[in-house]
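S.K.: Letter by letter, the chains look like this.
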Amino acid sequence: NAGVTQTPKFRVLKTGQSMTLLCAQDMNHEYMYWYRQDPGMGLRLIHYSVGEGTTAKGEVPDGYNVSRLKKQNFLLGLESAAPSQTSVYFCASSPDRIMDEQFFGPGTRLTVL
Amino acid sequence: GNSVTQMEGPVTLSEEAFLTINCTYTATGYPSLFWYVQYPGEGLQLLLKATKADDKGSNKGFEATYRKETTSFHLEKGSVQVSDSAVYFCALSRRGSQGNLIFGKGTKLSVKP
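Protein chains in written order, with the working numbering: chain A, 257 to 369; chain B, 166 to 278.
No lab work stands behind these hints, which were simulated from the structure alone.
It should be emphasised that the depicted structure is a prediction, and the values quoted were computed from it without experimental measurement.
One or more hints might be untrue.
Interface residues of chain B toward chain A, partial, derived using beta-carbon atoms under 7 angstroms [what the hints assert, rightly or not]:
no., residue
1, Gly208
2, Leu209
3, Leu211
4, Asn265
5, Phe268
6, Gly269
7, Lys270
8, Gly271
Glycine included, C-beta positions come from ideal geometry on N, C-alpha and C.
Here chain A stands alone, though its shape is the one from the complex (with noise of 0.2 angstroms):
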């Protein structure tokens, strides 16, 4: 098992690109989240997801949107990049909101020019 994925490990964008990071995972989870990692933040919840064709906000949801089409994918798109989304972003998934462990991926890298 790959466990969660993450789609690209690195990325550079101009102030206005828009791009969509992509999470997979193969443990057939229902939980999926993304987070952002800042220096001296922990990591924060973006947004999340409690099951196929369900997306709910977290603690800093603002110019990100998500979509969860299908089980095993939970994607996050930029639709106009700013600097203050230079950050590492991390997805995680969980078999169910009771108290388990979440499983988490590599992270990306995003720098915003």
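Based on the hints, put chain B in the right spot on chain A.
M.R.: Relative to the frame of chain A, chain B by itself:
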């Protein structure tokens, strides 16, 4: 609201030294508590967890005890190794919170030979 506070780093220790990383939390109800570890260039992985008061989580020589009276979940290891160098995150998950994790800001540990 729910929050996690952990000691600021970085923490630098010599090999075989004793490690303590403090973590305290604020939460309504009875959260589950976690320690995650992030090795350089990788995603987070679960180190240990505890789901109720007085539980002790342990893994790879690390331990943490869920102390409800002091709202703490301090991480300890009796003898650290160079390979333990990483960033450690304390986190909580509240029952009914859709499995969302609230993370502390992380503590960077460097172990010198």
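S.K.: Would you mind marking each hint as holding or not holding in the structure?
M.R.: Tested hints:
no.: 1; hint: Gly208; verdict: holds (4 angstroms)
no.: 2; hint: Leu209; verdict: holds (4 angstroms)
no.: 3; hint: Leu211; verdict: holds (5 angstroms)
no.: 4; hint: Asn265; verdict: holds (6 angstroms)
no.: 5; hint: Phe268; verdict: holds (4 angstroms)
no.: 6; hint: Gly269; verdict: holds (6 angstroms)
no.: 7; hint: Lys270; verdict: holds (4 angstroms)
no.: 8; hint: Gly271; verdict: holds (5 angstroms)
The structure meets every hint from the earlier list without exception.
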